[in-house]
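Given next are the chains, with one letter for each unit.
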Amino acid sequence: MNQAIRNTWIAVMLLFVLSLGALSYVQFFAAKDLNANPLNNRQLFKEFDLPRGAILVDGKPIAESVATDGQFKYQRVYTDPDLYSHLTGFYSLANGSTQLESVMNDELTGQSQDQFFDRLVNLFSGKENEGASVELTIDGQLQKFVYGLIPDGTRGTIIVSEPKTGNILAMASKPSYDTNLLAVHSSKQAAANMKKLSDTKDLSPYRNPAIYNLIAPGSTFKIFDMVAALESGQYTADTVLKNPSSVILPGTKTPLRNFYGGNCAAIPEASFAEIVAQSCNTPFVQMSEKLGKAPYEEVTERFGFGQQVKIPLRVEPSVFPPDLSPAELGQSVIGEFNVRATAMQMNMAAMGIANDGVIMEPNLIKQVIAPDLRVLSESKPKEFSTATSKDIADQVTDLMRGPVKRGTAVRAQVPGLDVAAKTGTSVVPCTTDPCGPPLVNSWITGFAPADDPQVAVTIVFEKIDFKTGSSLTSPNLKKILEAVFNQ
Amino acid sequence: MSELETAPVPRRNMELLLLLLALAVAMGAYYLVGINSDDGLSQEFISQGLILVGLALVFHIVLRIWAKYADPVILPVTVALNGIGLAMIHRIDLAKTDDTAFRQIMWTGVAMVVAMIVLWTIRDHRVLRRFTYIALAASVLLLLLPLIKGLGVEINGARIWVRFFGLSFQPGELAKITLAIFFAGYLSSNRELILLAGRKVGPLQLPRSRDLGPMIVAWLVSIGVLVVQRDLGSSILFFGLFMVMIYVATARVSWIVIGTLMLVGGGTFAYLTMSHVTRRIDGWLNAFDPDIYHAIGGSRQIVEGLFGLANGGLMGTGLGNGSPYMVPLANSDMIVASLGEELGLIGISAIVLLYLILISRGMRAALGSRDTFGKLLATGFSFTLGLQCFVVIGGVTRLIPLTGLTTPFMAAGGSSLLSNWIIVALLLLISHNSRRPMVSGVSATAEVATKAPRRSPGLLAPRKGAQR
Numbered sequence: 001m002n003q004a005i006r007n008t009w010i011a012v013m014l015l016f017v018l019s020l021g022a023l024s025y026v027q028f029f030a031a032k033d034l035n036a037n038p039l040n041n042r043q044l045f046k047e048f049d050l051p052r053g054a055i056l057v058d059g060k061p062i063a064e065s066v067a068t069d070g071q072f073k074y075q076r077v078y079t080d081p082d083l084y085s086h087l088t089g090f091y092s093l094a095n096g097s098t099q100l101e102s103v104m105n106d107e108l109t110g111q112s113q114d115q116f117f118d119r120l121v122n123l124f125s126g127k128e129n130e131g132a133s134v135e136l137t138i139d140g141q142l143q144k145f146v147y148g149l150i151p152d153g154t155r156g157t158i159i160v161s162e163p164k165t166g167n168i169l170a171m172a173s174k175p176s177y178d179t180n181l182l183a184v185h186s187s188k189q190a191a192a193n194m195k196k197l198s199d200t201k202d203l204s205p206y207r208n209p210a211i212y213n214l215i216a217p218g219s220t221f222k223i224f225d226m227v228a229a230l231e232s233g234q235y236t237a238d239t240v241l242k243n244p245s246s247v248i249l250p251g252t253k254t255p256l257r258n259f260y261g262g263n264c265a266a267i268p269e270a271s272f273a274e275i276v277a278q279s280c281n282t283p284f285v286q287m288s289e290k291l292g293k294a295p296y297e298e299v300t301e302r303f304g305f306g307q308q309v310k311i312p313l314r315v316e317p318s319v320f321p322p323d324l325s326p327a328e329l330g331q332s333v334i335g336e337f338n339v340r341a342t343a344m345q346m347n348m349a350a351m352g353i354a355n356d357g358v359i360m361e362p363n364l365i366k367q368v369i370a371p372d373l374r375v376l377s378e379s380k381p382k383e384f385s386t387a388t389s390k391d392i393a394d395q396v397t398d399l400m401r402g403p404v405k406r407g408t409a410v411r412a413q414v415p416g417l418d419v420a421a422k423t424g425t426s427v428v429p430c431t432t433d434p435c436g437p438p439l440v441n442s443w444i445t446g447f448a449p450a451d452d453p454q455v456a457v458t459i460v461f462e463k464i465d466f467k468t469g470s471s472l473t474s475p476n477l478k479k480i481l482e483a484v485f486n487q
Numbered sequence: 488m489s490e491l492e493t494a495p496v497p498r499r500n501m502e503l504l505l506l507l508l509a510l511a512v513a514m515g516a517y518y519l520v521g522i523n524s525d526d527g528l529s530q531e532f533i534s535q536g537l538i539l540v541g542l543a544l545v546f547h548i549v550l551r552i553w554a555k556y557a558d559p560v561i562l563p564v565t566v567a568l569n570g571i572g573l574a575m576i577h578r579i580d581l582a583k584t585d586d587t588a589f590r591q592i593m594w595t596g597v598a599m600v601v602a603m604i605v606l607w608t609i610r611d612h613r614v615l616r617r618f619t620y621i622a623l624a625a626s627v628l629l630l631l632l633p634l635i636k637g638l639g640v641e642i643n644g645a646r647i648w649v650r651f652f653g654l655s656f657q658p659g660e661l662a663k664i665t666l667a668i669f670f671a672g673y674l675s676s677n678r679e680l681i682l683l684a685g686r687k688v689g690p691l692q693l694p695r696s697r698d699l700g701p702m703i704v705a706w707l708v709s710i711g712v713l714v715v716q717r718d719l720g721s722s723i724l725f726f727g728l729f730m731v732m733i734y735v736a737t738a739r740v741s742w743i744v745i746g747t748l749m750l751v752g753g754g755t756f757a758y759l760t761m762s763h764v765t766r767r768i769d770g771w772l773n774a775f776d777p778d779i780y781h782a783i784g785g786s787r788q789i790v791e792g793l794f795g796l797a798n799g800g801l802m803g804t805g806l807g808n809g810s811p812y813m814v815p816l817a818n819s820d821m822i823v824a825s826l827g828e829e830l831g832l833i834g835i836s837a838i839v840l841l842y843l844i845l846i847s848r849g850m851r852a853a854l855g856s857r858d859t860f861g862k863l864l865a866t867g868f869s870f871t872l873g874l875q876c877f878v879v880i881g882g883v884t885r886l887i888p889l890t891g892l893t894t895p896f897m898a899a900g901g902s903s904l905l906s907n908w909i910i911v912a913l914l915l916l917i918s919h920n921s922r923r924p925m926v927s928g929v930s931a932t933a934e935v936a937t938k939a940p941r942r943s944p945g946l947l948a949p950r951k952g953a954q955r
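In order, the protein sequences belong to chains H and Y.
For the first sequence, the positions run 1 to 487 when the numbering used here is used.
For the second sequence, the positions run 488 to 955 when the numbering used here is used.
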């Protein structure tokens with residue numbers, strides 16, 4: 001009987017060896033994999049207990065971590081959240097983090113390469129790792145001003161950048177939202193707030209419209225047409241072009257007309273410069289028949305279409321569809337059909353023309369500052385691409401003066417300021433039945449002063465009636481330029 | 488007499504020394520939880536700590552009076568485990584602003600007082616043998632209690648609770664004790680019959696079918712508990728208890744073979760037909776599948792437990808510095824994960840070794856016991872504790888499917904504390920009776936004297952020369 005008891009003890013021993021083995025496996029051998037498992041949010045919980053760096057505009061925090069007594073040691077607090085929501089994004093346990101809070105997470109939590117030595121020192125001194133602060137290129141006053149120019153209830157985006165450096169001075173969109181609602185610690189509250197915001201018309205708290213919304217660029221696309229035409233050597237500003245009121249798209253019976261009402265109807269024949277100023281469509285369609293699709297594909301690619309741009313927020317690549325038939329190309333060159341561009345892309349187009357054909361990489365980050373105020377990294381202007389030659393860029397600049405001087409963008413005129421800009425209007429296909437009032441996307445993109453460009457401005461209003469749209473583009477460009485140049 | 492007989496030395500001073508050590512560990516754990524919390528040391532540190540110290544010392548004195556020769560290691564180890572458990576429950580309380588620790592310390596008090604009463608009233612465990620069939624009746628009654636309308640309540644899908652006067656209690660925990668008593672009594676009386684009768688088939692000595700009776704009862708009880716109360720853990724525990732006791736009584740491997748076959752059969756049947764068993768197994772096999780992780784009653788609990796253990800790693804986060812509260816049921820079913828996270832592999836291994844010491848001392852009491860009943864009872868209890876630890880740790884580490892068993896002495900829960908402290912009291916009694924000086928004359932242990940002697944040193948037995 002005692003032998004059986006001993007055997008039982010041995011059996012128990014075996015069970016304990018198995019238990020210890022299993023514990024060793026989980027806690028030692030598999031620990032690394034388990035810690036890295038996507039379902040594991042303990043790392044995130046740890047982050048919420050650490051002081052996270054601030055996001056600064058003009059040296060003042062627009063997002064900062066404030067010590068609290070709540071569930072975690074710190075609460076993320078956003079100042080002027082509506083103004084900056086699409087830039088900062090939010091930092092939330094329940095909803096994840098977005099925009100700069102997500103892209104700059106390594107710096108904000110002190111995990112970036114630049115902070116390696118700080119971490120090493122902290123390891124030995126026992127101090128907590130503190131996150132670095134991120135200072136933006138945004139000009140707080142300008143941001144506030146352009147945000148105010150977008151009426152509530154519209155879907156609008158305004159971008160102001162420096163063509164010579166790529167620095168973004170303002171980037172605002174509506175509808176906006178209060179990021180503080182999503183940063184609350186209670187996951188229940190955060191989820192409820194998220195649901196409420198997501199139900200808001202035209203708003204997605206996860207998307208920054210300026211870099212995410214792909215919109216048919218309409219006549220602003222003609223900037224690329226001008227580059228392609230001038231580069232081909234077959235056209236100059238003085239080339240006289242036929243301007244019929246409509247053309248039949250090649251290989252079809254579908255007519256394409258000049259924009260209703262406009263000045264184009266009165267001029268059966270005009271110089272290229274005049275065509276651009278009045279933004280007539282038919283000469284560009286005929287031009288595309290002559291040039292073929294290749295130059296357009298090349299030009300758009302050089303300007304950034306189809307490419308991954310990071311500012312460092314990820315910009316949705318703009319689309320110029322491949323393998324276009326001549327008829328489709330005819331519609332594409334006036335920024336319709338399936339051509340889609342982000343506001344950022346059209347701003348880059350203006351920046352490229354303004355900066356002698358060289359597009360500087362658009363950028364939001366001025367510098368990263370350590371908790372002890374050391375500058376960890378400073379962003380230097382970087383070339384994104386050479387979109388065209390200086391000569392072509394100068395000619396296009398000259399062509400783009402036309403619309404402001406005597407064409408579609410006269411309302412953008414600022415006395416004493418040399419402004420170059422191109423307007424655009426693309427038709428929003430009807431999706432409801434019955435159609436309701438026709439809606440358009442209203443664009444303007446340009447820069448000033450045209451001979452020594454300091455700012456590139458892009459304004460777009462989505463799904464808006466033509467009249468309201470055009471009253472919000474050119475006049476607002478004027479207001480912004482007046483604000484920038486103090487006139 | 489058996490060589491397993493040790494010189495009759497009380498060794499109560501040794502117990503006191505170890506007990507002080509155990510209390511120091513428990514209070515140390517409590518202290519660390521206090522200073523690592525945001526509010527610093529709280530009032531509870533003093534009050535709950537003093538209650539534990541007082542109870543332990545009173546228990547020690549009770550042993551000095553009524554069980555002088557009892558094993559000196561069992562009480563300190565139990566107190567240490569209970570104390571560390573309390574500290575961890577208190578720690579989870581702080582994170583969740585709960586007050587489970589207070590209830591737990593109350594239950595600890597109740598359990599230890601009941602254990603002392605058991606020591607005082609029973610004195611000699613052989614008395615229990617008289618209650619063999621009463622114990623069987625009591626077991627059946629206890630297991631049926633939760634099924635009575637108005638008394639039983641269903642919590643987390645298992646109908647194993649009764650509630651009266653606002654207190655909930657798991658009668659199944661006590662049934663563990665009464666069933667062990669029944670089986671020890673039944674087997675010690677009928678052992679010879681079962682041993683000698685029967686046919687031999689190949690290497691296996693098969694028992695007579697009528698002797699299979701208790702086995703079938705055991706199997707039925709286990710499966711009954713599983714089907715009716717949906718309690719997988721207790722079902723495994725009861726079955727293990729019966730298997731080991733029959734094996735120890737007969738020393739026949741054939742019982743194990745038959746039992747295992749029946750278990751496999753029952754288990755397969757349960758997996759195929761019962762949704763909650765199927766869910767458990769699927770959650771175990773595909774724990775990291777996001778669909779199963781997010782499903783209601785899915786694998787979130789076990790996966791979070793694994794994340795906690797991994798977070799602790801080798802050294803642990805330190806008491807009060809981890810986030811064990813992220814695991815569901817962090818202070819009861821998953822307390823092993825909580826301990827593993829904050830104390831690390833090193834700390835949890837030390838706790839596991841404490842259990843091993845406790846169980847080994849229980850087995851040692853069984854070896855030294857002078858009567859079959861005592862041997863069976865002590866082995867049964869010790870093995871139950873061991874199996875319970877294995878099922879819990881194996882479940883938490885995903886070695887086996889997770890079942891809702893409690894970690895003895897540590898997990899929050901009054902019924903489990905009570906029954907385990909009674910088990911400790913009975914183990915102490917058995918060891919007291921096996922170590923106390925022999926009264927002259929032929930004792931009830933005659934059968935042991937003819938059977939037991941073997942030329943091997945006793946398990947964990949201190950060498951005679953080494954004794955004082």
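Think of the hints as simulated: they come from the structure by calculation, not from any bench.
Take these hints with a grain of salt, some might be off.
[As the list claims (entries may be wrong)] Only part of the chain Y face toward chain H is listed, based on derived beta-carbon distances under 8 Å: (1) 836; (2) 844; (3) 846.
[Stated by the list, open to error] Covered by chain Y, per the in silico footprint, the following chain H stretches (three or more residues, Cβ under 8 Å): (4) 15–24; (5) 34–40.
Glycine is no exception: its CB is placed at the ideal position from the N, C-alpha and C atoms.
Exercise for review: Confirm or reject the coverage of the segment 34–40 of chain H by chain Y under the rule of 3 or more residues with a beta carbon closer than 8 Å to the chain's beta carbons.
Suggested key: holds (count 5)
Review point. Are three or more residues of the segment 15–24 of chain H within 8 Å, CB to CB, of chain Y?
Key: holds (count 8)
Check your understanding: Taking the least C-beta to C-beta distance, is residue 844 (chain Y) closer than 8 Å to chain H?
Key -> 11 Å, violated
Check your understanding: Is the interface hint for residue 846 (chain Y) satisfied, with its Cβ closer than 8 Å to some Cβ of chain H?
Key -> 6 Å, holds
**Study point:** Interface hint for residue 836 (chain Y), Cβ within 8 Å of any Cβ on chain H
**Key:** 6 Å, holds
The structure is inconsistent with hint 2 alone, although it conforms to all the rest.
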